[in-house]
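*Asks:* Positions 1 to 666 (my numbering) are the ones given, in order, by the sequence shown.
No lab work stands behind these hints, which were simulated from the structure alone.
It cannot be assumed that every hint is accurate.
Here are the simulated lysine-lysine pairs, DSS-like style, with alpha carbons at most 27 angstroms apart [said to hold, decoys possible]:
id	residue 1	residue 2
1	Lys258	Lys272
2	Lys335	Lys345
3	Lys440	Lys465
4	Lys371	Lys51
5	Lys371	Lys214
6	Lys335	Lys608
7	Lys335	Lys76
8	Lys283	Lys76
9	Lys271	Lys200
10	Lys465	Lys407
11	Lys214	Lys10
12	Lys379	Lys209
13	Lys345	Lys608
14	Lys608	Lys589
15	Lys214	Lys200
16	Lys10	Lys345
17	Lys636	Lys659
18	Lys214	Lys265
19	Lys10	Lys261
20	Lys169	Lys51
21	Lys327	Lys371
22	Lys284	Lys26
23	Lys252	Lys272
24	Lys265	Lys206
25	Lys288	Lys265
26	Lys584	Lys214
27	Lys272	Lys169
28	Lys125	Lys51
29	Lys132	Lys350
30	Lys200	Lys659
31	Lys10	Lys59
32	Lys258	Lys209
Ranges between beta-carbon positions, derived for each pair [unchecked claim]:
id	residue 1	residue 2	range
33	Asn207	Asn342	34 to 42 angstroms
34	Phe374	Tyr506	37 to 45 angstroms
35	Gln360	Asn207	20 to 28 angstroms
36	Tyr512	Pro263	23 to 31 angstroms
37	Lys507	Pro566	21 to 29 angstroms
38	Tyr501	Arg105	39 to 47 angstroms
39	Lys271	Lys405	26 to 34 angstroms
40	Asp43	Lys507	19 to 27 angstroms
Nothing here was measured: the structure is a model prediction, and the numbers come from that model.
Cβ atoms here follow ideal geometry from the backbone N, Cα and C, with glycine treated the same way.
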Amino acid sequence: MCGLAGIINKAGFSSGLISEMTDIIKHRGPDDEGFVIWTNDDDRPEVLFGKNTPNEIFKKWPAYKIKNVNSVENKKAVIAFGHRRLSILDLSATGHQPMAYLNNRYWIIFNGEIYNYLELREELKAKGYEFKSNSDTEVILASFDHWGVDCQNRFNGMWAFSIYDTATKNIFLSRDRFGIKPLYYWFSPDGSFCFGSEIKQFTIHKNWKTILNKNRAFDFLYFSLTDHTEETMFKDVFMLTPGGCFFDSIEKLSSYIKAGKLPVKQWYNPKKKLFEGGFEEAKKGFLKRFQEAIKLHIRADVPIGSALSGGLDSSSIVSYINILLRKQDKSDLQKTFSSVSNDEKYSEKKWIDEVVKETQVEGHFIYPNGKDVFTLTEKLIWHMDEPYQSQSAFLGYHVFQEAKKNKVIVLLNGQGADEYLSGYTAFRSQRQKELIKQLKIKSLKKENIGFSGILKILLRIAYEKIPLKLRFSVSQISLKNRQLYKIIDQKHLVRKRLHPYLINGYKKTDHYVISNYQLFTNPLPRYLRWEDRNSMAHSVEARVPFLDYRLVEFVRNLPLDFLDAPFQTKRILVESMNGILPEKIRQRKDKKGFITPEQGWLSGEYQKEFLDMFDHYAPYAKEIIRHDKARSYIQKVQSGILPFDYTYWRLILFCVWMKVFNVETD
1 MCGLAGIINK AGFSSGLISE MTDIIKHRGP DDEGFVIWTN DDDRPEVLFG
51 KNTPNEIFKK WPAYKIKNVN SVENKKAVIA FGHRRLSILD LSATGHQPMA
101 YLNNRYWIIF NGEIYNYLEL REELKAKGYE FKSNSDTEVI LASFDHWGVD
151 CQNRFNGMWA FSIYDTATKN IFLSRDRFGI KPLYYWFSPD GSFCFGSEIK
201 QFTIHKNWKT ILNKNRAFDF LYFSLTDHTE ETMFKDVFML TPGGCFFDSI
251 EKLSSYIKAG KLPVKQWYNP KKKLFEGGFE EAKKGFLKRF QEAIKLHIRA
301 DVPIGSALSG GLDSSSIVSY INILLRKQDK SDLQKTFSSV SNDEKYSEKK
351 WIDEVVKETQ VEGHFIYPNG KDVFTLTEKL IWHMDEPYQS QSAFLGYHVF
401 QEAKKNKVIV LLNGQGADEY LSGYTAFRSQ RQKELIKQLK IKSLKKENIG
451 FSGILKILLR IAYEKIPLKL RFSVSQISLK NRQLYKIIDQ KHLVRKRLHP
501 YLINGYKKTD HYVISNYQLF TNPLPRYLRW EDRNSMAHSV EARVPFLDYR
551 LVEFVRNLPL DFLDAPFQTK RILVESMNGI LPEKIRQRKD KKGFITPEQG
601 WLSGEYQKEF LDMFDHYAPY AKEIIRHDKA RSYIQKVQSG ILPFDYTYWR
651 LILFCVWMKV FNVETD
């Protein structure tokens with residue numbers, strides 16, 4: 001897990017920029033740093049070090065005179081790569097980046113992990129490839145030389161990387177299937193193509209100006225959406241899409257400046273192939289893939305722990321890792337990290353305690369303090385780059401902080417399972433709609449759905465048949481939407497935009513389409529950003545074994561009733577974990593997750609503080625948010641006149657974001 005930076009401009013740029021772009025993300029990789037620059041793309045590169053480069057690295061580069069990056073800061077460069085390393089695999093100097101391969105033909109900067117690198121390494125060795133390191137980075141380079149861009153289909157992991165081929169002058173950018181690792185890019189007005197792990201890296205450029213992307217701002221404020229398109233809330237800053245790549249010559253980069261974005265190719269396009277076996281066969285297939293995913297995800301040369309929320313997903317991970325450790329006769333206790341509350345209404349501690357008792361792990365707990373919201377929010381939004389939607393991101397920050405305090409560098413968690421295993425209500429709604437369409441009334445009665453429930457489902461079916469042009473008018477019926485239109489100043493945002501999923505023609509035709517939306521559009525992409533930034537803020541790597549692509553693809557092709565059943569979500573997971581999970585956890589129905597007592601904070605002990613916070617930051621977004629209307633809305637939520645939801649926090653956080661990044665509307 002690391003941070004990367006790159007700049008390409010045939011007209012030249014100050015090489016000192018590359019060290020500034022990596023300095024600002026030092027938190028992503030405190031263990032090592034490195035640089036390589038080309039002053040002319042036909043010349044040999046200069047390999048450079050920085051103040052955080054360990055001394056043993058210099059022995060790795062006998063062919064070059066190693067220079068400090070500061071010694072060339074005024075030199076003109078045409079290509080520059082920079083890297084900050086958090087050492088996870090092969091902690092030695094041979095894992096240093098930027099890394100070269102095949103007599104320095106290929107150069108790579110890489111963030112992430114290729115979990116199946118050992119298997120790929122053996123396959124490539126059999127084909128004649130040699131390796132100087134024990135790192136997965138070198139395996140990527142050999143794979144690219146052998147398979148070209150098709151190497152992406154061979155990798156099982158999370159990644160964002162850039163490879164420069166000095167022989168062909170081609171540049172290759174790639175992002176993993178689900179976008180677990182970030183990769184952003186921006187064309188500077190001077191013609192420089194800049195890319196990096198975090199958006200804030202571009203702010204050091206002399207030509208940078210922070211301009212609001214109005215469409216994305218509207219989506220956030222009105223629909224609570226971020227990370228759902230290749231655009232960001234910063235105008236002209238784009239992300240490489242999940243499962244996307246770019247491969248072309250550096251000569252052609254200048255031709256994309258006018259468009260302001262790259263012609264990204266979706267290299268990952270999973271095929272729909274329905275499972276034809278029975279449920280028992282499906283259980284075996286699921287369990288096998290789940291176990292293989294966990295085994296791969298615990299490969300590391302540093303201490304590993306788990307985030308434990310007390311629900312099915314994280315408890316399954318913790319419980320199976322415990323079984324693996326016992327089989328390996330390892331005496332080291334597995335460490336888990338949990339956020340809990342003193343208020344029983346918001347606490348999962350009794351369920352977490354059940355897992356800790358059964359597995360005998362070393363459990364660590366953090367108790368969220370509402371006071372911290374008012375002192376940490378600016379710092380958290382700086383790490384996040386873009387706004388988040390609720391205080392759950394605030395909890396994640398503290399969980400990773402606690403892991404780092406206990407010297408745990410890798411933390412596994414259950415992120416990603418809900419989006420394809422029927423963790424949300426969309427799967428249940430789809431199954432009930434299908435029962436009505438098939439006139440299976442007896443099946444509906446088994447779920448205690450009366451006449452009013454059936455009527456609601458029929459109304460939902462009817463709504464989905466309304467032409468798109470009329471959908472927006474129908475959506476205005478809700479009280480919250482009417483309130484928001486009074487709060488948001490329409491002069492500066494696009495008026496009456498449809499929900500992006502309607503614009504893109506998304507229709508809930510079956511559960512495969514629903515999971516596709518949840519995995520690649522909303523909500524998983526934003527959760528993965530929170531996960532990445534919260535973990536990296538503390539130099540900890542977050543791993544998500546439920547997003548092993550083999551497991552995801554298998555489950556997505558199962559029949560809907562294998563995933564969702566009357567009174568049972570995640571059916572395939574629940575049944576497969578028999579004998580692995582503590583039975584009380586396996587049978588529970590009331591999962592809360594890492595939640596904050598947010599409503600109590602807002603409407604109780606911190607009423608004044610939240611209003612004062614809004615008043616302090618509101619002037620920074622005065623052209624977007626009507627202060628008096630928004631303040632009145634927050635007060636009505638606090639007093640119970642309006643129902644609680646996270647809209648209040650979006651309004652406050654948007655203002656904080658405008659201030660932290662000095663965002664302008666034009």
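*Asks:* Take the hints in turn and mark each one as holding or not.
*Replies:* Here is how each hint holds up against the structure:
no.: 1; hint: Lys258 to Lys272; result: 37 angstroms, violated
no.: 2; hint: Lys335 to Lys345; result: 26 angstroms, holds
no.: 3; hint: Lys440 to Lys465; result: 21 angstroms, holds
no.: 4; hint: Lys371 to Lys51; result: 37 angstroms, violated
no.: 5; hint: Lys371 to Lys214; result: 32 angstroms, violated
no.: 6; hint: Lys335 to Lys608; result: 38 angstroms, violated
no.: 7; hint: Lys335 to Lys76; result: 49 angstroms, violated
no.: 8; hint: Lys283 to Lys76; result: 59 angstroms, violated
no.: 9; hint: Lys271 to Lys200; result: 36 angstroms, violated
no.: 10; hint: Lys465 to Lys407; result: 54 angstroms, violated
no.: 11; hint: Lys214 to Lys10; result: 32 angstroms, violated
no.: 12; hint: Lys379 to Lys209; result: 21 angstroms, holds
no.: 13; hint: Lys345 to Lys608; result: 23 angstroms, holds
no.: 14; hint: Lys608 to Lys589; result: 36 angstroms, violated
no.: 15; hint: Lys214 to Lys200; result: 19 angstroms, holds
no.: 16; hint: Lys10 to Lys345; result: 60 angstroms, violated
no.: 17; hint: Lys636 to Lys659; result: 25 angstroms, holds
no.: 18; hint: Lys214 to Lys265; result: 26 angstroms, holds
no.: 19; hint: Lys10 to Lys261; result: 17 angstroms, holds
no.: 20; hint: Lys169 to Lys51; result: 30 angstroms, violated
no.: 21; hint: Lys327 to Lys371; result: 44 angstroms, violated
no.: 22; hint: Lys284 to Lys26; result: 44 angstroms, violated
no.: 23; hint: Lys252 to Lys272; result: 35 angstroms, violated
no.: 24; hint: Lys265 to Lys206; result: 30 angstroms, violated
no.: 25; hint: Lys288 to Lys265; result: 32 angstroms, violated
no.: 26; hint: Lys584 to Lys214; result: 48 angstroms, violated
no.: 27; hint: Lys272 to Lys169; result: 37 angstroms, violated
no.: 28; hint: Lys125 to Lys51; result: 36 angstroms, violated
no.: 29; hint: Lys132 to Lys350; result: 49 angstroms, violated
no.: 30; hint: Lys200 to Lys659; result: 14 angstroms, holds
no.: 31; hint: Lys10 to Lys59; result: 32 angstroms, violated
no.: 32; hint: Lys258 to Lys209; result: 17 angstroms, holds
no.: 33; hint: Asn207 to Asn342: 34 to 42 angstroms; result: 50 angstroms, violated
no.: 34; hint: Phe374 to Tyr506: 37 to 45 angstroms; result: 38 angstroms, holds
no.: 35; hint: Gln360 to Asn207: 20 to 28 angstroms; result: 57 angstroms, violated
no.: 36; hint: Tyr512 to Pro263: 23 to 31 angstroms; result: 27 angstroms, holds
no.: 37; hint: Lys507 to Pro566: 21 to 29 angstroms; result: 25 angstroms, holds
no.: 38; hint: Tyr501 to Arg105: 39 to 47 angstroms; result: 44 angstroms, holds
no.: 39; hint: Lys271 to Lys405: 26 to 34 angstroms; result: 44 angstroms, violated
no.: 40; hint: Asp43 to Lys507: 19 to 27 angstroms; result: 54 angstroms, violated
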